[in-house]
Every structure is written in C-alpha cells, then in structure tokens.
Amino acid sequence: MVKDAAETAAEVVEEVATVAEKVSSEVAGHLPEDGRLRRAAVVVEHASKEVAEEAHLARDIIHKVDEIEEDVKAIIEPIMDHGKHQRKHLEK
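Numbering that gives the first Met the number 0 puts the sequence shown at residues 0 to 91.
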C-alpha cells in the first residue's frame with residue numbers, strides 16, 4: 000500500500016517536473032538573453048529536469064525493490080515450508 004502511494008507520487012512528480020521543464024524552457028526562449036526573468040526561467044528549467052530525473056530514479060528503485068522482494072520470497076518460502084513440514088514430523 001505504501002509502495003503504491005510512493006510509486007504514484009514519483010510518477011506524478013516526474014510528469015509535473017517534465018512539464019515544468021518544457022514550459023520554463025519555452026518561456027526562457029521568449030525572454031531577453033540578459034534578463035533576470037530569463038535566468039530565473041533557466042534555473043527552473045534545470046531544477047525541473049533534475050527533479051524529473053530523480054523521480055524517475057525513485058520509480059526504478061521501487062521496481063527493483065519489488066524484484067528483490069519476489070526473489071527473497073522465492074528463497075524463503077521453501078525454507079519456511081520445509082520447517083513447517085519438519086515441525087509436523089516432530090510433533091507426531
């Protein structure tokens with residue numbers, strides 16, 4: 000449940016940051032080269048790009064954790080089943 004919320008949040012952040020990057024780039028292109036507003040738009044563009052990349056990385060990490068979780072379950076479940084089976088034999 001928490002994982003799903005984190006993944007959804009990362010997706011939304013990535014999408015919003017990507018749009019912000021594109022919009023700020025377009026705005027910067029229409030502003031005077033030496034103006035403060037253009038510099039601010041460029042800063043927003045670069046920051047948005049970094050946020051989008053980090054959000055994408057967060058999603059990749061979430062997916063990798065899912066893979067690891069499945070691998071661990073595949074290793075542990077047979078051990079747990081064997082332990083339950085052994086316990087039943089000892090109880091007899």
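No lab work stands behind these hints: they were computed from the structure.
Hints are supplied without guarantee of correctness; some may be wrong.
Heads up, simulated DSBU-like pairs for lysine-lysine below, C-alpha to C-alpha not over 30 Å straight-line [said to hold, decoys possible]:
| no. | residue 1 | residue 2 |
| --- | --- | --- |
| 1 | K2 | K87 |
| 2 | K2 | K21 |
| 3 | K83 | K72 |
| 4 | K21 | K48 |
| 5 | K21 | K63 |
| 6 | K87 | K72 |
| 7 | K2 | K72 |
Model, not experiment: these values are computed from the prediction.
Problem - Pairwise hint evaluation, K87 against K2, where the allowed Cα distance is 30 Å at most - result: Status violated; Cα separation ~36 Å.
Problem - Given hint K21 paired with K2 - CA-CA distance at most 30 Å - result: 29 Å, holds
Practice task
Compare the distance between the alpha carbons of K2 and K72 with 30 Å, and conclude whether the hinted pair is satisfied.
Solution key: Between K2 and K72 the Cα gap is close to 17 Å, so the pair holds against 30 Å.
Problem - Given hint K72 paired with K87 - CA-CA distance at most 30 Å - result: 22 Å, holds
Exercise for the section: Verify the proposed pairing of K21 with K48, using a straight-line Cα cut of 30 Å. Expected result: This hinted pair holds, its Cα atoms lying about 9 Å apart.
Exercise for the section: Please work out if K83 and K72 have their alpha carbons no farther apart than 30 Å. Expected result: Measuring from Cα to Cα gives roughly 16 Å; hence the hint holds.
Handout entry: Proposed proximity, K63 with K21 (alpha carbon, max 30 Å)
Key = Cα-Cα ~29 Å, so holds.
Of the numbered hints given earlier, the model fails hint 1 alone.
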